[in-house]
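Residues 371 to 578, numbered by this note's numbering, are exactly what the sequence shown covers, in order.
Hints may contain errors.
Claimed, not checked - Now the in silico label distances, taken between C-beta atoms and shown as ranges:
| no. | residue 1 | residue 2 | range |
| --- | --- | --- | --- |
| 1 | Val502 | Gly543 | 13 to 23 Å |
| 2 | Ala401 | Ala540 | 52 to 62 Å |
| 3 | Ala461 | Ser424 | 19 to 29 Å |
| 4 | Ile555 | Ile509 | 22 to 32 Å |
No lab work stands behind these hints, which were simulated from the structure alone.
Even for Gly, the Cβ is constructed at its ideal location relative to N, Cα and C.
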Amino acid sequence: MSAWDEYLTAAQRLDAAQRDATAAAAARTTAVQNAGQELAMVRQRLTLQAARLSGLAVRAGMPAPLLTPDAPVPEPPDPVAASALLRAAIAEIDTADAALSEVDTGTVTRGPLPDLPQTTRNLIVYGAVALVVLITQLILFFVASGPAASVGALVCGAALPALGYGVSWASIGLLYGKVDRSAVIGAGVSAAPVVLLCGGIAVTALLR
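Please model the entire structure based on the sequences and the hints provided.
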């Protein structure tokens with residue numbers, strides 16, 4: 371083989387090596403870009419999943435979980451290994467989303483008696499407070515002695531339903547969070563003690 375032939379052979383080998391190096395660099399660049407996109411997607415899904423889990427905990431009346439990462443994963447040796455780790459992470463996120471969907475059916479409610487409609491639960495709160503108000507009114511009216519004291523007790527008892535309505539309104543918020551508080555129904559139930567007390571006084575006056 372002549373010197374020229376050896377030169378051509380060496381040049382061809384060098385050209386092939388350069389092409390291989392260029393292809394490897396391009397593949398590495400593509401792998402890095404793909405890994406960056408997958409990493410951004412994983413971070414976004416983790417953020418959405420954390421918000422969903424925290425929202426579910428709040429609706430269930432439980433404290434939001436502390437989402438701390440596991441032990442740090444060793445840094446992958448190359449972009450291909452990084453992509454493999456990210457694909458495994460995506461699979462785990464899919465599994466976690468499926469498990470969360472089994473629990474988060476949209477019917478998770480906060481507070482006691484979660485199986486009842488919210489209007490019924492509100493009515494129970496309004497009714498319980500109204501009963502306490504009625505008992506308090508009766509005690510004030512019958513314990514008070516003298517006309518002036520009776521009038522004062524009646525006026526005080528008439529103001530109690532408004533206070534009871536406010537207590538019921540605040541209690542529903544504390545028990546069930548931001549829900550429809552059935553304001554019209556609550557006002558009617560809260561006014562019932564005044565109606566009953568006035569009716570009782572009228573009946574008593576007629577029977578005397």
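Hints, verified against the model:
1. Between valine 502 and glycine 543 the beta carbon distance is about 18 Å. The supplied range of 13 to 23 Å therefore holds.
2. Range check, alanine 401 to alanine 540: Cβ separation about 58 Å, and the 52 to 62 Å hint holds.
3. At about 23 Å, the CB distance of alanine 461 to serine 424 agrees with the hint of 19 to 29 Å.
4. Between isoleucine 555 and isoleucine 509, the C-beta spacing of about 26 Å keeps the proposed range 22 to 32 Å intact.
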